[in-house]
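K.L.:
Each chain, letter by letter, is given below.
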Amino acid sequence: MKTNQSVKRLRKKLIPFLILIVSLFVLMIELMPIMVVVTSGFKRDIDIWARGPFYFKPTLESYKQVLSNRDFLLSLKNSLVVGLISTAISIIVGSMASYGLTRYVFKFKEIIAYTFLGFRMIPQISLVIPLYVMFNYLKLRDTLTGIVLAHVSFNIPYVVWLLLPFFAAVPRDYEEAARVDGATENQVFWRIFFPLVSPGLVVASVFAFLMSWNEFLYALILTSVNARTAPVAVNGLLGQYAPKWGQLTAAGTIMLIPVFVITLTLQKYIIKGLISGGIKG
Amino acid sequence: MNSTSLSGSKKVKNFGGASPHWFFLTPALVIVFAILIFPVIYSLYMSTFDWHLFYSAERKFIGLGNFFQLFKDREFLHSLWLQFGFVVIALPIETVIGFFVALLLNRDGKFYAVVRSLLLLPVFILPVISGLTWRLLLQPEYGMVSFFLEKLGFGIKAWLAEPDFAYGMVIVQDVWRMWPFMFMFIYAGLTGLPREIIEAAEIDGASFWTKVFKVILPQLRPTIATAFLLRLVDALRIFSEVYVMTGGGPGNATMLLSLYINKQAFEFFNIGYAASMGVVLLILALFLSFFIVRGNVKFEGERG
Numbered sequence: 001m002k003t004n005q006s007v008k009r010l011r012k013k014l015i016p017f018l019i020l021i022v023s024l025f026v027l028m029i030e031l032m033p034i035m036v037v038v039t040s041g042f043k044r045d046i047d048i049w050a051r052g053p054f055y056f057k058p059t060l061e062s063y064k065q066v067l068s069n070r071d072f073l074l075s076l077k078n079s080l081v082v083g084l085i086s087t088a089i090s091i092i093v094g095s096m097a098s099y100g101l102t103r104y105v106f107k108f109k110e111i112i113a114y115t116f117l118g119f120r121m122i123p124q125i126s127l128v129i130p131l132y133v134m135f136n137y138l139k140l141r142d143t144l145t146g147i148v149l150a151h152v153s154f155n156i157p158y159v160v161w162l163l164l165p166f167f168a169a170v171p172r173d174y175e176e177a178a179r180v181d182g183a184t185e186n187q188v189f190w191r192i193f194f195p196l197v198s199p200g201l202v203v204a205s206v207f208a209f210l211m212s213w214n215e216f217l218y219a220l221i222l223t224s225v226n227a228r229t230a231p232v233a234v235n236g237l238l239g240q241y242a243p244k245w246g247q248l249t250a251a252g253t254i255m256l257i258p259v260f261v262i263t264l265t266l267q268k269y270i271i272k273g274l275i276s277g278g279i280k281g
Numbered sequence: 001m002n003s004t005s006l007s008g009s010k011k012v013k014n015f016g017g018a019s020p021h022w023f024f025l026t027p028a029l030v031i032v033f034a035i036l037i038f039p040v041i042y043s044l045y046m047s048t049f050d051w052h053l054f055y056s057a058e059r060k061f062i063g064l065g066n067f068f069q070l071f072k073d074r075e076f077l078h079s080l081w082l083q084f085g086f087v088v089i090a091l092p093i094e095t096v097i098g099f100f101v102a103l104l105l106n107r108d109g110k111f112y113a114v115v116r117s118l119l120l121l122p123v124f125i126l127p128v129i130s131g132l133t134w135r136l137l138l139q140p141e142y143g144m145v146s147f148f149l150e151k152l153g154f155g156i157k158a159w160l161a162e163p164d165f166a167y168g169m170v171i172v173q174d175v176w177r178m179w180p181f182m183f184m185f186i187y188a189g190l191t192g193l194p195r196e197i198i199e200a201a202e203i204d205g206a207s208f209w210t211k212v213f214k215v216i217l218p219q220l221r222p223t224i225a226t227a228f229l230l231r232l233v234d235a236l237r238i239f240s241e242v243y244v245m246t247g248g249g250p251g252n253a254t255m256l257l258s259l260y261i262n263k264q265a266f267e268f269f270n271i272g273y274a275a276s277m278g279v280v281l282l283i284l285a286l287f288l289s290f291f292i293v294r295g296n297v298k299f300e301g302e303r304g
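Protein sequence lines correspond, in order, to chains A and B. Letter by letter, the first sequence follows residues 1 to 281 of the working numbering. Letter by letter, the second sequence follows residues 1 to 304 of the working numbering.
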């Protein structure tokens, strides 16, 4: 009896300790590849090739090379512009649609709502083939307009769906008060409702921007020189035989900065967004 | 629980003449028609032609010919098989790891909050960077994973040039990046469970495994099912990370579906044929999405 109890007491003390160790272990494994990328960006190619993974004497050489590479800088600018514009369009158009779906009763409403969800599930490779032919015909290939349109195509359905629960949770009192005061539907939406749901809009914007920032397939197929985005440029740095790992990882690290900042600062919203909208890989 | 807010809205008096809901919905519907619905219809149209990208004038209508061709295309069947294996191996592993880590980290305290948020990082990393990272880690002479493999006595090999190993590593890459997605979903579900149920089981003297299988798992089933289906749809269209990591090779050992479609369309320029494969993939994805919608768990967050 007595030994049984002391075993129990020992377990009570030991288990939290074990959980701590296991958590640290999981975290270490999970972050190790990221560490490798970030540290490799501060190495010279020759050191990566010749001195193995654990040699670390930081230098800014690779960053200097990448940041003086005009093609990469252009692609970085393109990524930023495409991300911001496609996010803005998706938020405006998407939040209007989401508002329409949460605030009005009409025929086919549920079908339309489900259709938006269905759109989110369309594989990009299935769309990129017709888009390539269409863009060729419309002279939109390798233009920023074209790639913005392509990104809007996956961001609008996403934004509509992400916003539904956020919008539905807002009480109608303010809007109704405004209507009583004689505001038009348009004014009610932009002046009263839009500011009320700003937390939801922030989450949706962040996700839309990240998806655009991370997107590769459309950019690979639909752009070549002028409208090339950064993920494609990074892939382009990967030569056939001897990859320039220093530059590649430096460029990769630069691309990861917004991702890290956003993920870590907006963490509690991100989880909410992840759950309500799901995510795209 | 279900779509209360979708059907529970009140009728609002019309102020601007035309029905206001169309005013709000039309811009999205117009754009979506132009760059989603129309391309889908167009790809259906394309899939009925023998159509070469650079000889568009010579395209020939062949009806369902492309689709019959698919069943005879060994490379396509191979891609389908690889895709199937990928889903069947990677997703259960991600779910199980996600589930147990969620149990593990379901504790109060600053430390665990920090661990939870740091674990989310890989999910948001660019797929391209992820593929690049694993390619670097597996470099035979200087990659970190290779370093440890060598220490374990496997010798130095060009790992990504070995078909089975490359395929395995594509899966490892995906598990590394996406189990935290399952974790976050399941963790959110876990914190939503009423504590009394678990505490009641503990008072009854239930063991850890009884608690997990008899109490927690049944309660979390809808959450896990939704997360799993969402992952499934995404796993079906995996492209960037594999493209960067192995390019589908060696040979076609990692030529998953999207990569093969891309190859047919933009390396061989058989866009009619590629479109027909795109249609098959699309139908597969929409079929699975149907179950997500029918499960109706997506609406849970809505309170009318």
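Hints may be right or wrong, so weigh each one.
[What the hints assert, rightly or not] Listed next, with one range per pair, are the computed distances between beta-carbon atoms:
#1 A:PHE260 <-> B:PHE84: 29 to 37 Å
#2 B:ASN106 <-> A:PHE260: 48 to 56 Å
#3 A:LYS139 <-> B:PRO140: 41 to 49 Å
#4 B:LEU44 <-> A:PHE108: 19 to 27 Å
#5 A:PHE56 <-> B:PHE111: 22 to 30 Å
#6 A:PRO58 <-> B:ARG107: 32 to 40 Å
[What the hints assert, rightly or not] Some, not all, of what chain B presents toward chain A, calculated at C-beta under 8 Å:
#7 TYR42
#8 LEU77
#9 HIS78
#10 LEU119
#11 LEU120
#12 PRO122
#13 ILE125
#14 LEU126
#15 LEU152
#16 GLY153
#17 GLY155
#18 ILE156
#19 ILE271
#20 GLY278
These are calculated hints, taken from the structure and not from any lab test. Built from N, CA and C at the ideal position, the CB exists for glycine as well.
K.L.:
Hint by hint, say whether it matches the structure.
P.N.:
Hint by hint, here is what the structure shows:
1. A:PHE260 <-> B:PHE84: 29 to 37 Å: Holds - the Cβ-Cβ distance for A:PHE260 and B:PHE84, about 35 Å, lies within 29 to 37 Å.
2. B:ASN106 <-> A:PHE260: 48 to 56 Å: Violated: the Cβ-Cβ distance is about 25 Å, outside 48 to 56 Å.
3. A:LYS139 <-> B:PRO140: 41 to 49 Å: holds, 45 Å
4. B:LEU44 <-> A:PHE108: 19 to 27 Å: holds, 23 Å
5. A:PHE56 <-> B:PHE111: 22 to 30 Å: holds, 27 Å
6. A:PRO58 <-> B:ARG107: 32 to 40 Å: holds, 36 Å
7. TYR42: Check passed: Cβ of B:TYR42 comes within 4 Å of chain A, closer than 8 Å.
8. LEU77: At 18 Å from the nearest chain A Cβ, B:LEU77 fails the 8 Å test, so the hint is violated.
9. HIS78: violated, 17 Å
10. LEU119: At about 6 Å, which falls below the 8 Å cut-off, the nearest Cβ of chain A leaves the hint on B:LEU119 intact, so it holds.
11. LEU120: holds, 6 Å
12. PRO122: Holds: closest Cβ of chain A sits about 6 Å from B:PRO122, inside 8 Å.
13. ILE125: Because about 6 Å separates B:ILE125 from the closest Cβ in chain A, which is inside the 8 Å limit, the hint holds.
14. LEU126: Holds. Min distance 5 Å.
15. LEU152: violated, 15 Å
16. GLY153: Violated, because the Cβ-Cβ distance from B:GLY153 to chain A comes to roughly 18 Å (cut-off 8 Å).
17. GLY155: violated, 16 Å
18. ILE156: Violated. Min distance 12 Å.
19. ILE271: holds, 6 Å
20. GLY278: holds, 4 Å
Consistency with the previously given hints fails for numbers 2, 8, 9, 15, 16, 17 and 18, ordered from lowest to highest.
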